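The residues making up each chain are set out below.
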Amino acid sequence: MHQAEDTSISGKRGGFIKRLRARINSGDSWLSYDLADLAPGGKIDQDVLDELEAQLVMADVGVETAAGIIAGLQNRLARKELKDLNALTDGLHRSMTEILEAVQQPLVIPESDRPFVILMVGVNGAGKTTTIGKLANRLKQEGHTLMLAAGDTFRAAAVEQLQAWGERNDVPVIAQQAGADPAAVIFDAYEAARSRNIDVLLADTAGRLQNQKGLMDELVKVKRVVSKLDAAAPQEIMLVLDASQGQNALVQAQKFHEVLGLTGITVTKLDGSAKGGILLAIAGKLGVAVRFIGIGEAAEDMQPFRAGEYVDALLQTDATA
Amino acid sequence: MFDNLSGRLTQAARKLTGKGRLSESNIKDTLRQVRLALLEADVALPVVKAFIERIRERAVGEEVGKSLSPGQALVKIIHSELVRLLGGDHEPLNLQAQPPVVIMLVGLQGAGKTTTAAKLAKRLIDADKKRVMLVSVDVHRPAAILQLEMLAGEIGAMHCASDSSENPEMIMERALDESRRSHADVLIVDTAGRLHVDDAMMAEVISVHKKSNAHETLFIVDSMAGQDAVNSALVFDESLPLTGIILTKTDGDAKGGAALSVRQVTGKPIRFMGIGEKIDALEAFHPERMASRILGMGDVLSLVEEIEGKVSRDKANKLQKKLKRGRGFDLSDLRDQFEQMLSMGGIGAMLEKLPIPGNVDPGALKDMANEQQLKRQIAIIHSMTADERRFPKTINGSRKRRIANGSGMQVQDVNRLLKQHMQMEKMMKKMSRGGIKKMMRRLPPGMTPPGS
Chain A
-7 MHQAEDTSIS GKRGGFIKRL RARINSGDSW LSYDLADLAP GGKIDQDVLD
43 ELEAQLVMAD VGVETAAGII AGLQNRLARK ELKDLNALTD GLHRSMTEIL
93 EAVQQPLVIP ESDRPFVILM VGVNGAGKTT TIGKLANRLK QEGHTLMLAA
143 GDTFRAAAVE QLQAWGERND VPVIAQQAGA DPAAVIFDAY EAARSRNIDV
193 LLADTAGRLQ NQKGLMDELV KVKRVVSKLD AAAPQEIMLV LDASQGQNAL
243 VQAQKFHEVL GLTGITVTKL DGSAKGGILL AIAGKLGVAV RFIGIGEAAE
293 DMQPFRAGEY VDALLQTDAT A
Chain B
4 MFDNLSGRLT QAARKLTGKG RLSESNIKDT LRQVRLALLE ADVALPVVKA
54 FIERIRERAV GEEVGKSLSP GQALVKIIHS ELVRLLGGDH EPLNLQAQPP
104 VVIMLVGLQG AGKTTTAAKL AKRLIDADKK RVMLVSVDVH RPAAILQLEM
154 LAGEIGAMHC ASDSSENPEM IMERALDESR RSHADVLIVD TAGRLHVDDA
204 MMAEVISVHK KSNAHETLFI VDSMAGQDAV NSALVFDESL PLTGIILTKT
254 DGDAKGGAAL SVRQVTGKPI RFMGIGEKID ALEAFHPERM ASRILGMGDV
304 LSLVEEIEGK VSRDKANKLQ KKLKRGRGFD LSDLRDQFEQ MLSMGGIGAM
354 LEKLPIPGNV DPGALKDMAN EQQLKRQIAI IHSMTADERR FPKTINGSRK
404 RRIANGSGMQ VQDVNRLLKQ HMQMEKMMKK MSRGGIKKMM RRLPPGMTPP
454 GS
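Read top to bottom, the protein sequences are chains A and B. In this text, residue positions in the first sequence follow our numbering: the first is -7, and each later residue adds one. In this text, residue positions in the second sequence follow our numbering: the first is 4, and each later residue adds one.
Since the hints were derived computationally from the structure, they do not count as laboratory data. Hints are not guaranteed to be accurate.
[Said to hold, decoys possible] Chain A regions said to be covered by chain B (calculated; three or more residues, Cβ under 8 Å): (1) 37 to 50; (2) 114 to 121; (3) 135 to 149.
[Said to hold, decoys possible] BS3-like cross-link-like pairs, simulated, lysine-lysine; straight-line CA separation at most 25 Å: (4) LYS396/B - LYS378/B; (5) LYS35/A - LYS72/A; (6) LYS247/A - LYS220/A; (7) LYS247/A - LYS281/B; (8) LYS281/B - LYS213/A; (9) LYS52/B - LYS31/B; (10) LYS220/A - LYS205/A; (11) LYS281/B - LYS205/A; (12) LYS205/A - LYS277/A.
Just so you know, these numbers come straight off a predicted model, no measurement behind them. Where a beta carbon is used, it is the ideal one built from N, C-alpha and C, also for glycine.
Next comes chain B alone, as it looks inside the complex (with noise of 0.2 Å):
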């Protein structure tokens, strides 16, 4: 089985080739590898759907751009509605209030809460230069208050210090009457990790949320959250007044599913993400980022624009129609062909982006096209005439060492290039429609972008 999108799509997008046009029937079946895709991703089912229904609304009728592949198109569709839903740019915390603002932490129990009040007071502290102060009013879980407390004195934060003894509404009381007494522009309320179904925890997280005048309210959820993050954010979100999610233990190998359900559900933005054991590990949300890792199509992606950007589908046209009206293949089409092969960085820059299958050796791929050699043989190609470039048969002994001889190489290096010219024309002739694309689907499978 595919263990990602990328090798699901490349199957059902493989399907997609030739179609001008995205339609209903011919993208049913790359629909339904995404959306189980998603589902392992762990996106919540309602949020999959809605995802779905909107992808084809959107990709049904598109034309096909001009240099994709039918299946690429609807990659791209994919990727940028992932970006759209998960938040398009990065939004800041709002900070702009009467210090001292109060920014509180809620969220179920391990998610990560404590952790992110101090990795959020240090960068706070340390890139915007405020003076922080920590409270915990968690008087739940045993040692809870001392691990922030001790936190607080390792990033060098206030700390307003309470006991499992107290009432957190009176602990919040004192902090905020002690924060406004030492001039702390922010001060940051970790609270206990409650359930969204316990009723009297929630209670008590409302009251205390009334009492602090919290300006942020951020819900902390666990990237590996399962399919209740949907209903644990909605819940949340009805009962306080969230401004925000901080996504955590983003580190781990989860492809993070639950961030698009928790954004999508509560329509807050995702402000910082959790990247590692460290204290300042704690990064600004980057929605293109994890809408690429919920696709788990790393760089196949970036081929695509690249793709988009460089091969001109124009030439491949032309190419294409000329060979349609039975003329041959000649030399000036390969020098286009190595040509924009060499706009793409060469075959070895794309097969570094490339999933190699574990048979092929990357190394003699590479040098079957390398960089310098496509230099080499364009150079050879541009030494003959016009009259060669087109009829090939002409190019006899001494006009081999005219060759040679004007583009710096030996007559070796002609005949080698003349042979392949006459290998490509052969392939050529086979195919019915031209172009990079179809060479690429030459190489061994596996090694095709998506769509190609």
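Isolated chain A (complex conformation) (with noise of 0.2 Å):
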């Protein structure tokens, strides 16, 4: 995958690592610098395990997933393949990046179908709006032509604020009044980018907790009247999470996922997280396509998530960086 990237974006990813390791890292910083601090004599034993599971517990990684990643470095503390701090680095990088490989798939367009939709999902607060403003500036730069559906007809000022990315990224919006029905708003909008040959559709959507059964409901409408026009659409249903909340992430994706079927997933505000780590918890316990992160304001600072580089940005330390 990397091969097939020009220079110049490989130029700009190295400018991203970097960046997400020193946002990741930014405030309170955890392993990477604390992992020395766990063993100051080198000594890896129980009670350096115990510590590191603290650690990967105020990371957001969750009580079970952190469980897991500790009971496989215990089996290899008891075959004594834990010598030191290296090994240990080396063992806990392994597990991490075992549990996140599996959902590192990034998001493929096709050139046959179009308008490939995507549609927008998220509890409130959690950045699908600004997800879409970023989405569409990348996938323009990529080439595709593009449009906006402004599926949030509830919360005020929601459709001028996507009109907003629009004008910025020079993108047509198709939106109706407040408070009309969003599968009709969506509805419209895809028949628009038919009859304009437009490659992708962005469907934006109300912010809504999961437990709330008549706004879920209202989400299973929006995919059904969307794949009446088009049995393939909404060909991706994109959950976005802020990766700022807790546990109940991990509730979140598991509610989305069986009311909807998600195809994928977007963490963002990754740098004011806890290090990341409710990604871990969702990797290991949904296995749903991680397709970007987003460590910022700024457009380019949302990327494809690539397990290798995030757990590095996790572990290394600047020595070894």
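Could you use the hints to bring the two separately framed chains together as a complex?
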């Protein structure tokens, strides 16, 4: 995958990894800095593993997933494979990469299927509209023609917020009045996109908490209406998850997946998270593809998720980088 | 696995039965379960550690109260500590200042500041009859200013117009002028969401805050927030003189442990919580309710309190001693048992409060001993002579007819009661210790309250 990219993008990625490392370790940093403190004498024993488990929990990895990772390390410890800190870092690196690689599947937009419909869903304040803005910027640069559908007809000024992103990226936005049926808005947008031969339709929806049955049913209806126009659509149902949220993010992902059948997840606000451990929890328990991660306000701060570099950013110290 | 603390506690506390005193060693396992449950509820690890330490201190050496089992006693300590940590009583907003009183809302992106600004304004207008002006200094998020303006129109609050090309400090200054001129009682300032690690944005909010002369500075926190909530709250608290917290999106199914962390590290009261999508869905914060929610134990706790209040441990002890001395379980004892059940609202009321396992039909259980029936059975026993109660074997056919007549029941009912007594007597003989709690253990697993 890396070879496929031209040099300019690789150059940008280098910058992204650097920023990823800097942002994920900003504020109160964890593993890369703390690992050395875990075992001051360099000897790895049960106490060190217990402390490491606590660090993982503090990173929102979740009690269960953390216990799983530690259990693996315990086996290695029993086999005397964890002689020093390097071996521990290595072991941790391996188990984290293993969990995350399973969900590293980038979003691919095929030439044939158009319009390719991306339905964005998530709880209130997760960053759906902002993610659409950044995604639109990205897809446009990749040469796709785009259209946005203002499916959040509930929140005040949500339509205007999306329109602002549309203007910024020079992309048409299909909207109706506030309070309109979101399914109708997206239906109209689909028709418009098809008639204009648009490649990708990005559909915004109102934020909703996963336990609000009526609002979740509304999303099911949106999905059903879109699939009537094209059985394959929406090709992507993308959950936007706020990484600063705790274990409830996992509940969100499970519930949205159960109701809608998610095809991808974008994790936002990793720069303000407890080091993004929630990604491990979700990858470990749900296995839905993680498409993008966002680490800042700028459009280029959202990039495809790559397990290896993510774990590197978490674990590498300046010396080993 | 158990999905809440009450389940974990039931398991762990079972081992505590029979101990008269809580000790370091006998509560260790229970505290481990509490620790895990709190972590799963997103309470920050340092907060959990301090909390567990406090519980340990309070619990060790604690005499187990009159009618509580040791497990229940521990649950009570945990709950009351949680309530204490969350702030005890509700603390309302302080609006005692020269108008316009400035309330500033700060927090991370997506916490719900703009929505909360409108909800708070509506509450102040409707409940406190205040003249409220709203202003947004969020020049960063597209259409944020428009969102607040639209909400202001919806709830009938005044709005100070601003534009994203302006400097936030200038907007603040103008809003103060305008709110004075239009005689507003309260000016609510909505700020842009920002990360605590973003130094430039933090500097911006500090300078706006200085200009605002805010009387209340409220930190808006998402009830779904994770472990990092503790860090963001700390930085905001250090940067700005926070006066309170508003917890948002509590209508979700997050356990809301972040509330505990934020409250603990800032020491600032949680004033309100957002409870829904509607513009009036803002409630005063109740520590009690949040404590139960974090523990995930719902009504189990109120059941503990009921048992504590109503079951007389003394009577149970008397019976216990009697059985130990080799004396039988007679009909007066059976009546005491019935009365205990009755005072708790009968089995039916108890069942409603307990998590019923899927394979048990609650209806059948209720029939077994509904309130009406308990009363009738007590009436039958009341119609017996003292000797008959002590020596049920002496009750022959004519005595049965007399008892049935006296209690307005049929002879069959008397027979049924006597048979029930015989079964109970057998059961009691098998037990070394008696009382309602033992009887409850006979209920199918999963129906027993924690620590019984």
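Self-check item: Ascending list of hint numbers which this structure does not respect
Solution: none
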